[in-house]
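Residue numbers (UniProt numbering), protein chains in the order written: chain A, 1 to 292; chain B, 1 to 302; chain C, 1 to 417.
Keep in mind that the hints were calculated from the coordinates and are not lab data. Keep in mind it's a predicted model, so treat the numbers as computed, not measured. Among the clues, some could well be false.
As the list claims (entries may be wrong) - Cβ pair distances, simulated, as ranges:
{"hint": "1", "chain 1": "B", "residue 1": "ALA291", "chain 2": "C", "residue 2": "ASN179", "range": "48 to 56 Å"}
{"hint": "2", "chain 1": "A", "residue 1": "LEU150", "chain 2": "C", "residue 2": "ASN179", "range": "54 to 62 Å"}
{"hint": "3", "chain 1": "B", "residue 1": "PHE212", "chain 2": "A", "residue 2": "ASP79", "range": "28 to 36 Å"}
{"hint": "4", "chain 1": "C", "residue 1": "ASP409", "chain 2": "B", "residue 2": "ALA146", "range": "25 to 33 Å"}
{"hint": "5", "chain 1": "C", "residue 1": "THR112", "chain 2": "A", "residue 2": "PRO80", "range": "53 to 61 Å"}
{"hint": "6", "chain 1": "A", "residue 1": "LEU26", "chain 2": "C", "residue 2": "GLY159", "range": "34 to 42 Å"}
{"hint": "7", "chain 1": "A", "residue 1": "ALA32", "chain 2": "C", "residue 2": "GLY159", "range": "51 to 59 Å"}
{"hint": "8", "chain 1": "A", "residue 1": "TYR126", "chain 2": "C", "residue 2": "ALA210", "range": "41 to 49 Å"}
{"hint": "9", "chain 1": "A", "residue 1": "ASP79", "chain 2": "C", "residue 2": "ALA357", "range": "29 to 37 Å"}
{"hint": "10", "chain 1": "B", "residue 1": "PRO189", "chain 2": "A", "residue 2": "SER149", "range": "38 to 46 Å"}
{"hint": "11", "chain 1": "C", "residue 1": "LYS415", "chain 2": "B", "residue 2": "PHE144", "range": "54 to 62 Å"}
Unchecked claim - Computed footprint of chain C on chain A; a stretch qualifies when at least three of its residues, placed anywhere within it, have a C-beta under 8 Å from a C-beta of chain C:
{"hint": "12", "region": "136-146"}
{"hint": "13", "region": "150-156"}
{"hint": "14", "region": "176-182"}
{"hint": "15", "region": "227-238"}
Ideal placement from N, C-alpha and C gives every residue a C-beta, glycine not left out.
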Amino acid sequence: MTAPHRTTARHRPRPDEALVRVGRALRWVILAALALLFLVPFYLLVRNGLAAEPDITSPGWTFFPSTLHWSNVRELFDDPAVPMARSLLNSALIAVATTVGTLLFASLAGYGLARIPYRFANQVFYAVIGTLMVPAAVTFVPSFVLVSSLGWVSSLRGLIIPTLFSGFACFIFRQFFTGFPRELEDAARVDGLGYWRTYWRIVVPNARPVFAAVGTIVFIGAWNSFLWPLVIGQDRDAWTVQVALSTFTTAQVVNLHELFVAAAVSIVPLVLVFLLLQRYIVAGVERSGIDD
Amino acid sequence: MRRRVSDNTLWFWIFVGPFAAGLALFTYVPLLWSVYLSFFDAHNTVSPTDFVGFDNYTAMLRDGAFTSSLGTFAVFSLFIVPATYALALGLALMVNRIRRFQAFFRSVFFLPAACSYVVAALIWKMSIFNGVRFGLANTVLGWFGADQTAWLSTTHPPWYWLVIVTVRLWLQAGFYMILFLAGLQRISPRLYEAAAVDGARPGWQVFRHITFPQLRTTSIAVVLLLVINAFQAFDEFYNLLSDARGYPPYARPPLVYLYYTALGQGQNLGMGSAGAVILALIIAVVTVFQARWFGLGRKEAD
Amino acid sequence: MTISRRTLLGTGAALGLLTACGSNTGRDKGSSPGGKVTLDHWYHQYGEAGTEAAVRRYAAAYDKAKVSVQWRPGNYDQQTAAALLTSSGPDVFEVNGPTLDQIQGGQVADLTALFDGVKDDFNPAVLAPKTYDGKIWGVPQVVDTQFLYYRKSLLKDAGVQPPATLDELVDAAKALTRNKVKGLFLGNDGGAGVLGGTPLYAAGLSLVTADGRVGFDDPAAARTLGKLHQLYADKSLLLGAPSDWSDPSAFLQGLTAMQWSGLWALPAVQKALGDDFGVLPFPKDGPNGKPSVPVGAYAAAVSTRSKHQVEAKAYVKWLWVERTDFQEDFALSYGFHIPARLSLAKKAAKLRQGAAADAVTYATDHGYAQPLLWTPTLQTAYQDALNRIVKDGASPDSELKSVIRKTKDELQRVKKS
């Protein structure tokens, strides 16, 4: 990953050593300052989540509270009014299933649109990207009525299946596969493989980065979506973590430290996924042609 | 050709069919339903009987609150698109040039993308930009003796824009930085070498004559995505500014206004749908215009 | 090349897997073992601790049907509105209404028969907005009211008397504003949301008159609303507090000397401040003015999409008409509310002393309920106008003119249907 820059940097002209050094130092200072600034919100979330209520609202608010109350975390999970553990599990289930399903449907469709000759392929493609321009909130009520008439309210089915068909994901896959080197597939074709087996044996293994990139975007979206799970997940057993979180923000009397600790807990899984996978994500975005 | 056309057609639908069916059922059916509703007086019903033609459309276009929400969107884009573009590009250029801790910086700037708008809005509203003495912004300003400011409630000057724009900037700058980094990777080192031979000074000249032009496709994609996303802005506005009694008349983007029109107790689905159709048309026109303007799709025409 | 059977199987398996992962979380609607029907009863999320356990306890005590209580956080109006369009919505639900469009759209059942012989025992002020066309569409649960809390000690320190007129309120708020303590908290939006029609009633006007016409087409309206801008312009208002007007935190944290909030906040205020607080109605303004406080009630309503309307009505009658013990518990044990039944309100000991007694007196003497004809559309239009008047210093005259025009149109629309 870093190798190309090294080459670039080594070949870069260096007319004035002192100037370059000043520039480099300046770059470091700016980057470090910005990095700190980017981390402050995360710090505040944790700081307030682990503070006693008076520490959050005291007139002499300080950046570093005197004590951290880890008991806030236990208090959150013990709160009978909010099924935090269950909703984390639901969110994980929904996010994983949505990600897997979206990747499956969108990649197949993207490949078909990119590679299989068909008279109306362009029209189908336009119909797909057309959906990118329709804000989801717009079709919200009819969608709800539709899903409800299927009898899917308060079920994981209703929470997952309607969200599996992402025009955005399909668009990305189609763009990626269009730029995919044909030689590989041609070789497979010569070996007598049809579209189906070519796809699974040759194309998919060579497209891992784009799967990682799209998967991450879909996973984040699924984990963070709010309005749909709120309205579909009517039973408490079907609450997602975002819905559970909203119980703290919409309460008549706001319990600040519990709200913050719940928010912090709600982003921990995503942050972990991110830190673990970020190498692949970056590589994926760089090779996916999202930006082409 | 061994393969017959009908075989291709069949295979096309095997690959695309499941997705297309799902898209048709879960996106197009509700969409067409909304279009249908927009021609009816549909209060609290999805199966209206009172056909009103284009009345909902004319009423919506004459509704000052709706048109001013389009203005809000325009202002928002004017802030957020250049700001994100500049910050993301700046970060990418700097991160790309450092040799050590590159992965660390990249992670730090990218990490906010994992945060939901709900959580980010919470931190911004309750902790950084709350209007009282224990907000971070007011605490910092207090060190310099400044008065406390009610960031989200003040309309003169409109400080709420600072809150709204910074929250989105924080959330999305890292993502676009990654796109720019990818673009930078693709620039051939030879171009820089050639520039050095020609005597171009590193820094501004190289950026202006090599880096920036080479990032053209990335830039176009970034601007397109930024504009589409700005149009669909809802979450941070809603979470920052709504309260139990509704939403203030300022900083109210189209989707928030439609949300209050079509959902909730004043469930005017006819007007809401009409507004939605108008909005979707505007997005389509803007996108197509932008794509044409930037010459996007030329590559595909080759 | 033709499609192999394996291919088809593969695709089928993938689809099957997806369908299987959507196993139902196990709510079966309709009848349960033992032949009893299951009724879904929705409540919005109450802030007071214990409320949820209480309503579950009531539901469990009903023996003619199995009642499944759903406690709904966040965006309650949006959730019920969407759910009422389908048969997967609630059978019984509480609603800050029902709204005129819900009634006219036939979404809620006529509950008039439930009131046989007890109608006069319900607080008439809150029953009126549940009545349309001579029929009653929801059973009021408890009466909520709002008023002004003030810190006695802070007023004394500043040499300020509890304000009796709007002008005095403006002056008092200004005098009470110190460096880090503001004079008055009317919500983070500066008051437009929570005050609503209250200032109009304080000026002796109304939102909609009894005979269904615009109630504020009067120069006094502009004059009164203009004074709210003065509060804002004086920088006497607390804005941007982390919690809104419904939560007494800002008042208790000493961020403000006076706060507009609800009766439900009274126990918390009492606990924190002891005797160091008092309550006031919104002060009168102008020659025809009178003090005013808003009253309102969440009502229990029955969805017409329910497959068990008869059972649902019987259950509502049992809980909200017959079981006065539960009604009393619900009103008084979890935060303070005034029972919707006059007979219960009279014997509520908790509401007969101190600030609570004052608040109940205000609600009885000066209470106004938002009329049914004041639709959500009008509320938005009026609230937008009020917001611009308060914050931008927009001309109350011209803002009100456009609201009046809109009100006339809307009243025309709802009369037509």
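Okay, the hints, checked on the actual structure:
1. B/ALA291 x C/ASN179: 48 to 56 Å: Holds, at about 55 Å.
2. A/LEU150 x C/ASN179: 54 to 62 Å: With Cβ atoms ~60 Å apart, the hint holds.
3. B/PHE212 x A/ASP79: 28 to 36 Å: violated (53 Å)
4. C/ASP409 x B/ALA146: 25 to 33 Å: violated (46 Å)
5. C/THR112 x A/PRO80: 53 to 61 Å: violated (38 Å)
6. A/LEU26 x C/GLY159: 34 to 42 Å: Violated, since A/LEU26 and C/GLY159 (Cβ atoms, about 58 Å apart) do not stay within the stated range.
7. A/ALA32 x C/GLY159: 51 to 59 Å: With Cβ atoms ~53 Å apart, the hint holds.
8. A/TYR126 x C/ALA210: 41 to 49 Å: Taking Cβ atoms as reference, A/TYR126 and C/ALA210 lie about 58 Å apart, which means the hint is violated.
9. A/ASP79 x C/ALA357: 29 to 37 Å: holds (34 Å)
10. B/PRO189 x A/SER149: 38 to 46 Å: violated (59 Å)
11. C/LYS415 x B/PHE144: 54 to 62 Å: Given range 54 to 62 Å: holds, Cβ gap about 59 Å.
12. 136-146: Coverage by chain C holds for the region 136-146 of chain A (4 residues, Cβ < 8 Å).
13. 150-156: holds (count 6)
14. 176-182: n = 0 at 8 Å, threshold three: violated.
15. 227-238: n = 8 at 8 Å, threshold three: holds.
The structure does not agree with the numbered hints 3, 4, 5, 6, 8, 10 and 14 stated previously, though it agrees with the rest.
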